[in-house]
Every structure is written in C-alpha cells, then in structure tokens.
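Following the hints, complete the assembly by docking chains B and C onto the known chain A.
Those sequence lines, one after another, are chains A, B and C. Take the first sequence: its letters are residues 0 to 349, numbered as in numbering that gives the first Met the number 0. Take the second sequence: its letters are residues 0 to 349, numbered as in numbering that gives the first Met the number 0. Take the third sequence: its letters are residues 0 to 349, numbered as in numbering that gives the first Met the number 0.
The hints are simulated quantities; they were obtained by calculation from the structure and are not laboratory data. Hints may contain errors.
Intra- or inter-copy, both count: the list cannot distinguish identical chains.
DSS-like mimics (lysine-lysine), calculated; alpha carbons at most 25 Å apart, straight line [as the list claims (entries may be wrong)]: (1) Lys347 - Lys47; (2) Lys333 - Lys347; (3) Lys31 - Lys233; (4) Lys299 - Lys93; (5) Lys31 - Lys93; (6) Lys47 - Lys31; (7) Lys31 - Lys299.
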Amino acid sequence: MLIREIRDYFGGFFGNVELHGSGDTFISAPAKIEEAQTGQVSFIANEKYLRFLASTTASLVIVGNQVSLDNVAPGTSVIRVGDPYTAFMLLLQKFSRPRHVAEPGIASTARIGRDVRMGNNVSIGEYVVVGDRCVIGDNTVIGHHSVLLRDVSVGSDTVINALISCYEGTVIGSRVIIHSGTVIGADGFGFAPQKDGSYLKIPQMGIVEIGDDTEIGANVTIDRATMGSTVIGKGVKIDNLVQIAHNCRIGDYTVIAAQAGISGSVTLGRFCMIGGQAGFAGHLELADRINVAAKAGISKSFSDQGISLRGYPAQPMREQLRLEALQRSLGSMKDRIGMLESEMAQLKTR
Amino acid sequence: MLIREIRDYFGGFFGNVELHGSGDTFISAPAKIEEAQTGQVSFIANEKYLRFLASTTASLVIVGNQVSLDNVAPGTSVIRVGDPYTAFMLLLQKFSRPRHVAEPGIASTARIGRDVRMGNNVSIGEYVVVGDRCVIGDNTVIGHHSVLLRDVSVGSDTVINALISCYEGTVIGSRVIIHSGTVIGADGFGFAPQKDGSYLKIPQMGIVEIGDDTEIGANVTIDRATMGSTVIGKGVKIDNLVQIAHNCRIGDYTVIAAQAGISGSVTLGRFCMIGGQAGFAGHLELADRINVAAKAGISKSFSDQGISLRGYPAQPMREQLRLEALQRSLGSMKDRIGMLESEMAQLKTR
Amino acid sequence: MLIREIRDYFGGFFGNVELHGSGDTFISAPAKIEEAQTGQVSFIANEKYLRFLASTTASLVIVGNQVSLDNVAPGTSVIRVGDPYTAFMLLLQKFSRPRHVAEPGIASTARIGRDVRMGNNVSIGEYVVVGDRCVIGDNTVIGHHSVLLRDVSVGSDTVINALISCYEGTVIGSRVIIHSGTVIGADGFGFAPQKDGSYLKIPQMGIVEIGDDTEIGANVTIDRATMGSTVIGKGVKIDNLVQIAHNCRIGDYTVIAAQAGISGSVTLGRFCMIGGQAGFAGHLELADRINVAAKAGISKSFSDQGISLRGYPAQPMREQLRLEALQRSLGSMKDRIGMLESEMAQLKTR
Chain A
0 MLIREIRDYF GGFFGNVELH GSGDTFISAP AKIEEAQTGQ VSFIANEKYL RFLASTTASL
60 VIVGNQVSLD NVAPGTSVIR VGDPYTAFML LLQKFSRPRH VAEPGIASTA RIGRDVRMGN
120 NVSIGEYVVV GDRCVIGDNT VIGHHSVLLR DVSVGSDTVI NALISCYEGT VIGSRVIIHS
180 GTVIGADGFG FAPQKDGSYL KIPQMGIVEI GDDTEIGANV TIDRATMGST VIGKGVKIDN
240 LVQIAHNCRI GDYTVIAAQA GISGSVTLGR FCMIGGQAGF AGHLELADRI NVAAKAGISK
300 SFSDQGISLR GYPAQPMREQ LRLEALQRSL GSMKDRIGML ESEMAQLKTR
Chain B
0 MLIREIRDYF GGFFGNVELH GSGDTFISAP AKIEEAQTGQ VSFIANEKYL RFLASTTASL
60 VIVGNQVSLD NVAPGTSVIR VGDPYTAFML LLQKFSRPRH VAEPGIASTA RIGRDVRMGN
120 NVSIGEYVVV GDRCVIGDNT VIGHHSVLLR DVSVGSDTVI NALISCYEGT VIGSRVIIHS
180 GTVIGADGFG FAPQKDGSYL KIPQMGIVEI GDDTEIGANV TIDRATMGST VIGKGVKIDN
240 LVQIAHNCRI GDYTVIAAQA GISGSVTLGR FCMIGGQAGF AGHLELADRI NVAAKAGISK
300 SFSDQGISLR GYPAQPMREQ LRLEALQRSL GSMKDRIGML ESEMAQLKTR
Chain C
0 MLIREIRDYF GGFFGNVELH GSGDTFISAP AKIEEAQTGQ VSFIANEKYL RFLASTTASL
60 VIVGNQVSLD NVAPGTSVIR VGDPYTAFML LLQKFSRPRH VAEPGIASTA RIGRDVRMGN
120 NVSIGEYVVV GDRCVIGDNT VIGHHSVLLR DVSVGSDTVI NALISCYEGT VIGSRVIIHS
180 GTVIGADGFG FAPQKDGSYL KIPQMGIVEI GDDTEIGANV TIDRATMGST VIGKGVKIDN
240 LVQIAHNCRI GDYTVIAAQA GISGSVTLGR FCMIGGQAGF AGHLELADRI NVAAKAGISK
300 SFSDQGISLR GYPAQPMREQ LRLEALQRSL GSMKDRIGML ESEMAQLKTR
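Bound-form chain A, shown alone (with noise of 0.2 Å):
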C-alpha cells in the first residue's frame, strides 16, 4: 500500500487528514514506533512515544493532528490525523489476513453425526467431533480436535479455534470467535445439601446461548443454565480464563476481562466493563454501562447506570477512594490521637 493511498483510505474516515514528505513509498507492515524499519508504518498516540519522530526508520508514522513536524527523522513521512490510534487500527485491518485455523472443506479425520446441517464453505478442521443434529453457518470454521456434542448449533462466520468443547444444546451466533481450551456448556455448579452433610447433584438441564459478535478467549469456562439458557448477549468480549456461572446473563457490548468471576443467577448491564481477577456474588444485578475495577468483590446489586464500582465489597468510586484515603492517613490520625492524649494529660494537670 502506498503511502498516498493510506492517506486517501483514512479520508474515508476522518476530516483533516494532512500528509507532510513523500507519498510514494510503498509500506508492507505496521509496526511498533521503537521497531519500525524502512517500509514500515507505526503510530504516535501517547505524548511519551513523541521523542521517537526525530529518531524512527518507519517510513510512516500516524500522529495527532496537533503534533509538531520541527523534528521529524530524514526519510520519514508523516500522516496527522484526529484520532491516530483508531486510525492506525483502521490500518491493521487492512494488513492483517485472516487466521489459518483449518483447511477449507471437511477433513477426512472429522467425524460428523447423524442429520448434521451444514452452509456453504464450512472449514472443519482434524479430528473435529461434531455431534448428530448440529447445526454449522455458512463461512464457519471449527478447529482441530474441537466437540460438538448433539444438538449444537453455530451461525455464520464464527471461528471456532482448536480444542473447545461445546456441551449438548449450546447455541452460538455469527461472526464469533472463541479461542482454544474454551468450555461451553459444563454443568452448573448445584448441588443440594442432604441431612447428612453430603451433596445430592441438581440436574443441570438448561443450555447456553452466545449472541453475534461476541469474542471468548482461551480456556474461558462457561456453565450451562440448570433451567433456561446462561445468555451471553451479543457483541460481548470476554478475556481468557474468566468463569460465568449457570443462569449468567451478560448484557450486550459488555467486556469482562481476565479471570474475573460471575456467580450463578448474576444479571450484567450493556455495556459494563468488569476489571481483571473481579468477583460476583450469585444472584445479583448490575445496571447499564457500569464499571466494575479489577479485584474488587461485588457482593450486592447496583441500579444506577454509569457508575464506577471498586474494593471489597464493592462501592462506587468516590466512597471507595474516600475510605482508601482515610485508610493511607490512619498514621497521622493516630498520632493526633496521641498528641490529643498528652496535650489532655497536661490540662488535666493543670
């Protein structure tokens, strides 16, 4: 790709699109700013990475609109635009190609079940066990050694890495994406506590459902519903290592990042973030666009849209950093107390 054409690519997008040195290098690949080499285009959207303009070998580098070109490297064009970031992830897409997962076509190894429908153009990779009745879309393609047990069903254009299992019944959208070591549809964790302190299995008969555009990271776990489905809404994105418990329901746009925690019967928002390692009490509600940090516990329900919660047990934000400063001032608030008790002792004297 030229360096003229990206500027007129990202015209397509953004108002005041500027290029300052030449246009007709031609750029195979982006890169980091401090790895760049000649034909290579990297970005500039954090101030700290702006020293690297006067010493880069990138062909190209994406900057801000208000940046300074007093002191850019010889041989180095500069593109300035409103939103450099998005831009430069405008231009990853164009270099990126779709990842090999499987070969087009069925493999040989694969074994299908019984009244299996499948679209057109399905890739399904080796060793792949896709139970009778299944369902798979147009475009879809299911990695080596991945199962499908019965009843499956996968929409279009979804990828299916190698190794994940899907349990009976699981329901998944188009143009999803889940990574290796995934496991949809395990049993819920319920159990009834019997008189004599053992545990009797409640049956897990319900299923998951997983709406379009979601992407699921490696080695996720997600339980299926003991009655009804465990609904993950779509668009959402979930991190690697993160358990959603029987009866989750996930609002739409929601990312939950990794090893976070969701107990059973919890309800999320649209468009919550939840932070790294946080955890859920079962059977509690988070309203819309709610912000939850890393590690905090969330042990009660939340109704009011847009707040930020953090700590543990969770509160929004301002209490928290409130008592978190109270907390970094308990030395100074104890030796005012012991201030207090001589300055009393000498009155008393007194």
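Showing chains B and C alone in chain A's frame:
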C-alpha cells in the same frame, strides 16, 4: 408424569403432601416459574416469587406448606410440601436423562494401550487415548479426545467428559464426574533455587487420588504430589478453574467454588465450604466444617471446627466484620479527632 | 543405590558429608519421613519433623550437620550434610525416570503438514496436528492431541504434554516443559471502542516467544502480541492457570505462582517472584528481583530492585505491614477517641 403421580412420589419423602386442583394433567417438563407453560411444573421457595402464583400458566406449582392458596391462577394445580426446593430437585432428577457423552462401546478411533482392563458396558469416545495398564470400571464413560496416560485407574459409573488429560498413575473413584478441559496429575510447581538464581526442577514422583462421588468442574488443575498422593476426598465438589497444588488433601464432602486456589501441602477438613477466588498459602491446615468467604486469603492454620473465615489475611468472621465496621467509621473518627483538636485549642487559650 | 553410594554422590556437592550406620543397604525409592519404609530414603529439613527420627522405619534419613544422633530408630542409617533439602532433591533426580508422554517416533495417527522439519529422535503422540512449516528439534516430545498450527518452532529436548494448543508462529525454546491444557498464542484482548458502544477487534499480528529452560503449568494462557512478541524469558517458571496478556515481557528466571494475572504490555524484571492470584494493571514495569505477595494488586511501576510488594494497591512491604498494623489498632484508636471526648466534656464543665 401425571400430577397425582408426582404427589405420590413426594409422599415417599415428605410427611405432609397436599394436592390442590386436578391431579390428572400430564407434566412433561420442569421450568422456571416466570417461564413455565401448560404441561410444565415449577416451584416457589422464595417469598419474592409468590406473586407469580396468581398469573402463572404452569400446570403445577410446588410450594411450601404455609403458602396461601387464595389467589392461584385458574388451571394451575398446587402441591404443598415441607421443603419445596428439595421436592423440586427430586423432580428434576426424574425429568433429567443422562447427558450424552459418547456412544456405547469403544469408538473405532480410540487408541487403547496394552494390558488395559475394561469393565462391562464401558463407553469410550472418539479419538480417546488410553495408555498401557489402565483400568476402567463398569459403566464408565470417557468423552471424546480425553487422554488417560499409563497406569490410570478409573472406577465404575464415572463420567470423564471430552478433552480431559489424566497424567500417568492417576486414580479416580466411582460415580465421579469430571468436566472438559480439566488436567489431573500435571507436575507440582516445585523448584529448588540455585546459587545463580536459576531453578532446579524437583521431580514430581507422586500421583493424584480422587475419591468416590466427587464432581470436578471444567478447566480445573490438580497437580500430582512430589511424593505420595494429592488426595481429593469422597463426595468433594470442585467448581471450574480451581487450582489444587501438589500434596494437598481435601477432606470428604468439602465444596470449593470457582477460581479458588489451594497452595501446596494444604490440608482441608471435611464438610468445608470454600468461596470463589479464595486463596490459601502453602502447608496449612483447616479443621472440619470451616466456611471460607469468597476472595479470602488464608495465611495460617485454623483448628476450630465450624468457624467462618473472611478477609485477607483471613480471620474469624466476627473479628473481620468488626474490622470492616471500624473501617467504615474511619471518616467519623477523623471528624471526632478534628473536633477534639479545636476544643483542645480553645481550652488551652482559656 | 547403596547407602554408601549415596554418601559418595553427595560428596561431589557438599564439603562435609557424614554417614552414621550401615552403608550397605540398598535404597529403592524416596519417601516422605512419615511414610518411609525399609529400603526407602527420606529427609528432615524442618525441625518439627525431627521427632520422626526416633520412630521412622526408613533405611536412610538425610539431615543437617547439626542434628543430634542420640535418638535414631534402630536399623536406620543417617547422612548428615550441610543442606539436607537440596541433597534430597538431588537424590530425587537420581530416582526419577523421564515421564512417559508419547511413544518414540511419529504416531501413525499424527497429521503432519507440508515442509515440516523434524530433528532426530522426535516423539509425536497420537492424533497430534503439526501445521505447515513447523520446526521440531532433536529429542522433543509432543503429547497426544496437541496442536501446533503453522510456522510453530520448538527447540530440542522440549516436552509439550497432551492437549496443548500453540497458535501459528509460536516460538518455543529448548529444554522447555509445557503442561496439558495450556494455550499459547491466542489473540490478545484488544478492542477499539466505537461511538455506538460496540468494539472493533484490533488484529493481533504478533507472536509468542518462550525462552529455553522454562516450565509452564497446566491450563495457562499466554496471548500473542498485537505487534512484535510476547516474550517469556529463559528459565521462567509459570504455575497453573496463569494469564499472561499480549505484549508482556517476563524477565529471565522469574517465577509466577498459580492464578496470577499479568495485563497487557507489562514488563517484569529478572529473578522476580510473583505470588498466587496476584494481578497487574497494564503497561507497567517491575525491576529485577522484586517479590510480589500472593493476591497483591500491582497498580504502578516499581523501579527499585529487590523490594517486596504487598497489598492492593500494592506498596513496599514495610509500608503495607505498617498500614495493616494500623488497621489492627483501629479498635483501640476508637476507644482512645471516646476516652478523650469524655475527658474533654468533663474539662469543659470544670
């Protein structure tokens, strides 16, 4: 199952079972009270759902003995019983059929090692690998792609789901359920620091033993002992993504919620309940019937049976709740110090 | 191995090795001191186990140079040595045989892609998938069902256990051990928020590089870089269920305990020790030899080598322990404020 058959079935468990309304409707499935339709049965064990009794379209609802029948939806029969939750769980057992994991018999694609002993009615799924000298009991099911390395022993009526790895020498009891992605018997995390700062691997020569009637969730890790055995007792229930390190001993009927982590050589008593994301330092011991709150960090042994632990470092519930209450009063303590200081200043100038 | 051969073997490592009792007994296995039988060797490195010396049935016990031999069980020989723990670890190495992972050679069920280069004496297990252009070094073992996608490179003498997924382009060094269920090179968790609240996937175009002599536990996730490499240094040890996000750099000989989570673009120094369930915010840096306590939450960079961090937000050990001591004195602070208030009230009425 007819409604009056359900009434009679409950009669075998509860002393006082009353049917109100028709006993002749055929019930085909259980459902949640807010979703139940004609031909379905639901239950209400929590007061806040009692409002559904007037509007449900369920054909049968199970409720407690004390629930008023003044306002029941027309066409809905009601059974009153001492413990409607347990009654409904018993009914779920009736309606559930065994989960399909693999076809009966040994799949032609399975690789079975030498000197393997199989019981009657074993099911071995597609591409399963069973190492030399393994023993598999009657009616046990091994899901697709699971790997049992050499000398693994599995009891009878056990279900090992798809994509599970059991390292050599693992011993698994009868009536056990293990979910996909779980790894049993990987090396414990043991390294001897060397003078140059590098580490010498300590050979992990022991095994893992899993007792009868346990259930182990998805993507769990249970490491083999350095010497001897890592032991999971009878009737233990382990949720998804739990880590159990080498040489741990988990007492019978103890329950461990998702993402908890048990460090090396920890001994947990019987009938304990461990909350989600709780963590344990190594080499400590908990007595029987101890409850550990979610996210707690246990840093020492506790020998008093039946206590509840919370916080990090964890302490008995009452002390921890007192600490948390004191933290919540920090703001007022600071105000009171300020007030004392200004009063003191006034007194001193008096 | 005869007892006197063990003494001679230790003589190559330690200056002062003393044998008490017979040197002619044949030792067949190591065991824990509380379980050791005739023909077995054990050790005592911790004072609280010294009481076993009088009652053990072990044929040989390794103890420290200072341990009294006044009360040793009859028939038990004792070797005294400077560091009995390391001595016993050396002995464990002697008794351990390589774990069986796969038969020598390439299993007939393995699927090997085009232009794959294999070293000498490689073992490839059942149903392994090796993608086009992979390179596998001498003596390396790939366990059953593991998947190496295209362009994966593995050094020599490396053991990749069963059911591991390596995405394309992953580079793994020599003498590495990786345990089952681990996923290397899945997409980093990178999404650009759009104006409508949905997310645009940021292509993850980089790879993962794993240095020589590392060991990686079970069900670990290590994500590929957005651009460039996620780097695991030489001699790094990573426990089960650890998350390492895109673009992290883990310094040589750093140790990470189970369930810790390292967010994107974090750089850890060399010889660090990271406790279990610890978490790191993104884009921060730790100097060499820093210890992080279990469950700590690291929210900023620390540049002082050799410090210990604890708490959330984590701070150097001394400050954190002072904070925790202050919290424990909260009750007495509150009492002292109450006492001052009543004294003040008395003074004011004087």
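Going through the hints against the structure:
In this assembly of identical chains, the alpha carbons of lysine 347 and lysine 47 never lie at most 25 Å apart, being 59 Å within a copy and 54 Å across copies at closest. For a Cα distance limit of 25 Å, the shortest separation of lysine 333 from lysine 347 qualifies both inside one copy, at 21 Å, and across copies, at 21 Å. With identical chains, the CA atoms of lysine 31 and lysine 233 are at most 25 Å apart between copies only, with a shortest distance of 24 Å across copies and 32 Å within one. Taking CA atoms no more than 25 Å apart as the test, lysine 299 paired with lysine 93 passes in neither setting, with 44 Å inside one copy and 34 Å between copies.
For a Cα distance limit of 25 Å, the shortest separation of lysine 31 from lysine 93 inside one copy, 16 Å, qualifies, whereas the shortest one across copies, 48 Å, does not. For the identical chains of this complex, lysine 47 and lysine 31 are intra-copy neighbours only, at 14 Å inside a copy versus 55 Å across copies, given an alpha-carbon limit of 25 Å. Within a single copy, lysine 31 and lysine 299 get their C-alpha atoms only as close as 43 Å, which misses the 25 Å cut-off; across copies the closest is 23 Å, which meets it.
Hints 1 and 4 from the earlier list are contradicted by this structure; the remaining hints agree with it.
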